[in-house]
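Enquirer: Given the sequences, and given the hints that come with them, work out the whole structure.
If you read the protein sequences in the order shown, they are chains A and B. Per my numbering: the first sequence ends with 213, consecutive numbering throughout. Per my numbering: the second sequence ends with 615, consecutive numbering throughout.
Worth double-checking, as some hints may not be accurate.
Claimed, not checked - From the structure, some residues in chain B lie toward chain A, with a derived Cβ separation under 10 Å: (1) Val495; (2) Thr543; (3) Pro545.
Claimed, not checked - In silico negatives: residues of chain A with every beta carbon more than 10 Å from chain B: (4) Leu141; (5) Glu179; (6) Glu188; (7) Leu190; (8) Asp193; (9) Val195; (10) Val208.
Since the hints were derived computationally from the structure, they do not count as laboratory data. Even glycine gets a Cβ: it sits at the ideal position worked out from N, Cα and C.
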Amino acid sequence: MKLNKIEVVTDFKHLQIREITDSGGYHRRVLTPDATLAEDEHQEIKDKAEELWTDEVKTAWATFQAEQEVERETE
Amino acid sequence: MSGIINSAGSKSGVIGTTELDYEEGTHTVVHAQTDGTSFAMNSGYQTLSYTKIGRVVHCTGYLVINTITGSPSHTKFTLPFTCASGNEHQGSQNAMTYGVDYGGDGVSIYVGPSQKYCQCISSRDDASYLHVSAAAGDEYAISITYYTND
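Expert: See the structure below:
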């Protein structure tokens, strides 16, 4: 698939990716700071992740995830 | 209100006085487990179709879990867009299931704020909900609407 757009969303720097399929349609996926990027990932995405997913962002995302889990468990 | 959404590609248009982005596409679902487990989808049943109008995303699709690694305590599927932050943007809808073992009164698909996944939960009358554990062969017909960021 051909990379079409990278959007950076939320305080946790999610990479919201739009690609174009072989048939011309849009395909979407989201990468979060806890993701391990595939070796064959688009270089532009790797660069963006390297730039934005600082240790601070990764920690904030992990903390948020943990808080969400606790909140749901106690509801 | 009524208006025109352009006819091709990534569409945008004007409805009444509001300019809205319009987009259709697909998302290949993978597991989004956070308990150290994982599962693989049946390749013939792992695609969601989405329509995004403005900030509202609607997804539909039929998902089948093929194989499991570990002993999952929940079931989480990825989504095409991250849900916006804030409790007012969450979404949940009931799902039709086949072969799913749950302990409550049916299965709902829930997406929480700032999450890129939806999770399967089983509500109970006058009690806390239960997480639905993923198992090989579980089938879900999914339809969910939620808000994204842009």
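Enquirer: For every hint, state whether the structure bears it out.
Expert: Outcome of the hint check:
At about 9 Å, the closest approach between the beta carbon of valine 495 of chain B and any beta carbon in chain A falls short of 10 Å, and the interface hint on this residue holds. For threonine 543 of chain B, the suggested interface contact is upheld, since its CB lies about 7 Å from the closest CB of chain A, less than 10 Å. Here the hint on proline 545 of chain B is kept, as its CB sits about 4 Å from the closest CB of chain A, short of 10 Å. Every beta carbon of chain B lies more than 10 Å from that of leucine 141 of chain A, the smallest distance being close to 14 Å; the non-interface claim holds.
For glutamate 179 of chain A, the requirement that its beta carbon stay farther than 10 Å from each beta carbon of chain B is met, with the minimum near 14 Å. Non-interface status of glutamate 188 of chain A relative to chain B is upheld: no Cβ of that chain comes within 10 Å, the nearest being about 19 Å off. Consistency note on leucine 190 of chain A: stated as away from chain B, and its beta-carbon is indeed over 10 Å from all of that chain's, at 14 Å minimum. No beta-carbon of chain B comes within 10 Å of the beta-carbon of aspartate 193 of chain A; the shortest separation is about 19 Å.
Distance check on valine 195 of chain A: its Cβ is at least 13 Å (rounded) from any Cβ of chain B, clearing the 10 Å threshold; non-interface status holds. Non-interface call for valine 208 of chain A relative to chain B: holds, since the shortest CB-CB distance, roughly 12 Å, exceeds 10 Å.
Of the numbered hints listed earlier, not one is contradicted by the structure.
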